[in-house]
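Q: Hey, can you work out the whole structure from these sequences and the hints?
Just so you know, the protein sequences line up as chains S and C, in that order.
Note that the first sequence covers residues 1 to 139 in full-length UniProt numbering.
Note that the second sequence covers residues 1 to 139 in full-length UniProt numbering.
Derived by calculation from the structure, the hints in this document are not laboratory data.
Treat each hint with caution, since some may be false.
What the hints assert, rightly or not - Okay, the calculated beta carbon distance ranges per label pair:
no.	chain 1	residue 1	chain 2	residue 2	range
1	C	S119	S	A120	31 to 39 Å
2	C	D54	S	K47	16 to 24 Å
3	S	A116	C	V51	36 to 44 Å
4	C	M83	S	K99	34 to 42 Å
Stated by the list, open to error - Calculated cross-link-like contacts (lysine-lysine; reagent style DSS-like; alpha-carbon spacing at most 30 Å):
no.	chain 1	residue 1	chain 2	residue 2
5	C	K47	S	K70
6	C	K47	S	K76
7	C	K99	C	K57
8	C	K47	S	K57
9	C	K47	C	K124
Just so it is clear, CB atoms sit at the ideal spot from N, CA and C, and this is done for glycine as well.
Protein chains: 2
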Amino acid sequence: MCVSVCVSHGICRSLSLCVYIYSNTHSGGGLRWQMAEFTHLVVVKFKEEVVVEDIIKGLEELVSQVDIVKSFVWGKDIESMEMLRQGFTHAFMMTFGSKDDFTAFQTHPNHMQFSATFSAAIEKIVLLDFPVVAFKTPQ
Amino acid sequence: MCVSVCVSHGICRSLSLCVYIYSNTHSGGGLRWQMAEFTHLVVVKFKEEVVVEDIIKGLEELVSQVDIVKSFVWGKDIESMEMLRQGFTHAFMMTFGSKDDFTAFQTHPNHMQFSATFSAAIEKIVLLDFPVVAFKTPQ
Numbered sequence: 001m002c003v004s005v006c007v008s009h010g011i012c013r014s015l016s017l018c019v020y021i022y023s024n025t026h027s028g029g030g031l032r033w034q035m036a037e038f039t040h041l042v043v044v045k046f047k048e049e050v051v052v053e054d055i056i057k058g059l060e061e062l063v064s065q066v067d068i069v070k071s072f073v074w075g076k077d078i079e080s081m082e083m084l085r086q087g088f089t090h091a092f093m094m095t096f097g098s099k100d101d102f103t104a105f106q107t108h109p110n111h112m113q114f115s116a117t118f119s120a121a122i123e124k125i126v127l128l129d130f131p132v133v134a135f136k137t138p139q
Numbered sequence: 001m002c003v004s005v006c007v008s009h010g011i012c013r014s015l016s017l018c019v020y021i022y023s024n025t026h027s028g029g030g031l032r033w034q035m036a037e038f039t040h041l042v043v044v045k046f047k048e049e050v051v052v053e054d055i056i057k058g059l060e061e062l063v064s065q066v067d068i069v070k071s072f073v074w075g076k077d078i079e080s081m082e083m084l085r086q087g088f089t090h091a092f093m094m095t096f097g098s099k100d101d102f103t104a105f106q107t108h109p110n111h112m113q114f115s116a117t118f119s120a121a122i123e124k125i126v127l128l129d130f131p132v133v134a135f136k137t138p139q
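A: Here it is, written out as structure tokens:
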């Protein structure tokens, strides 16, 4: 396993955090790179009476206040068949530079405060937290 | 609404696809940018007897074969409480340059062929397809 800072390596030319850990495995003709990133993925269905825009504003304020949140993107499903999305409507993804940063985020007072609001707004949720394996990245 | 190619704008300095559509809305002290990207998010629990590594190799082959898949990252949950991940273990995310590219992917013969294998391997699935709203991007 090697850690490299890749300035000119094509695979991460377009990414900001160019520290990858070669994962020792390769398959399908490509190499897997374990990005030095950790993703917090939240998929939800909000309660009917909830003003979703207010919740999203709250999330935006939270990630603006907490520097260790490296990125925050989200989306509202517009395409899936109901049997596949199973009532879930929104996905929220935050990334962190490391698992340690994510752990620090979990107990950050702003996060804990907002979590109460968020929890009260959701009808159902699936939450996954994982180190990012990047197989194909934008060229 | 304006479309801009941002070479020097800080918010997308580190991203490869620097075409953003200003979404006309702002909140929380920040601006929302509608990226010219479409995400296909799949969250799954595999059947017990499945060799997950084989499925992942199949996915890697698929995204290697199909150029319109702009990026493919995935992860296996290592952190969530069971009540929050609800048995789901893996998240797979593919991005496309546009919804049209995603639509083309759905009927691509390689995708249709692999979908049969993938469907047979899963015990449960949640699938969301959405245009990406990027509120905070890596600096």
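Q: Next step is simple, just say for each hint if it's right about the structure.
A: Status of each hint after checking the structure:
About 36 Å separates the C-beta atoms of S119(C) and A120(S), a value consistent with the hinted range of 31 to 39 Å. Evaluation of the 16 to 24 Å hint for D54(C) and K47(S) yields a failure: the beta carbon distance comes to about 40 Å. For the pair A116(S) and V51(C), the beta carbons lie near 41 Å from each other, so the given range of 36 to 44 Å is met. Take M83(C) and K99(S): their Cβ atoms lie about 21 Å apart, and the range 34 to 42 Å is violated.
A threshold of 30 Å between alpha carbons decides the hint, and for K47(C) with K70(S) the separation of about 34 Å lies outside it, so the pair is violated. A distance of roughly 28 Å separates the Cα atoms of K47(C) and K76(S); the hinted pair therefore holds under the 30 Å criterion. A distance of roughly 25 Å separates the Cα atoms of K99(C) and K57(C); the hinted pair therefore holds under the 30 Å criterion. A hinted pair counts as satisfied when its Cα atoms are at most 30 Å apart, and K47(C) with K57(S) does not qualify at roughly 38 Å.
The suggested pairing of K47(C) with K124(C) holds, with an alpha-carbon distance near 8 Å, which does not exceed 30 Å.
In the structure shown, a violation is registered for the earlier hints numbered 2, 4, 5 and 8, in ascending order.
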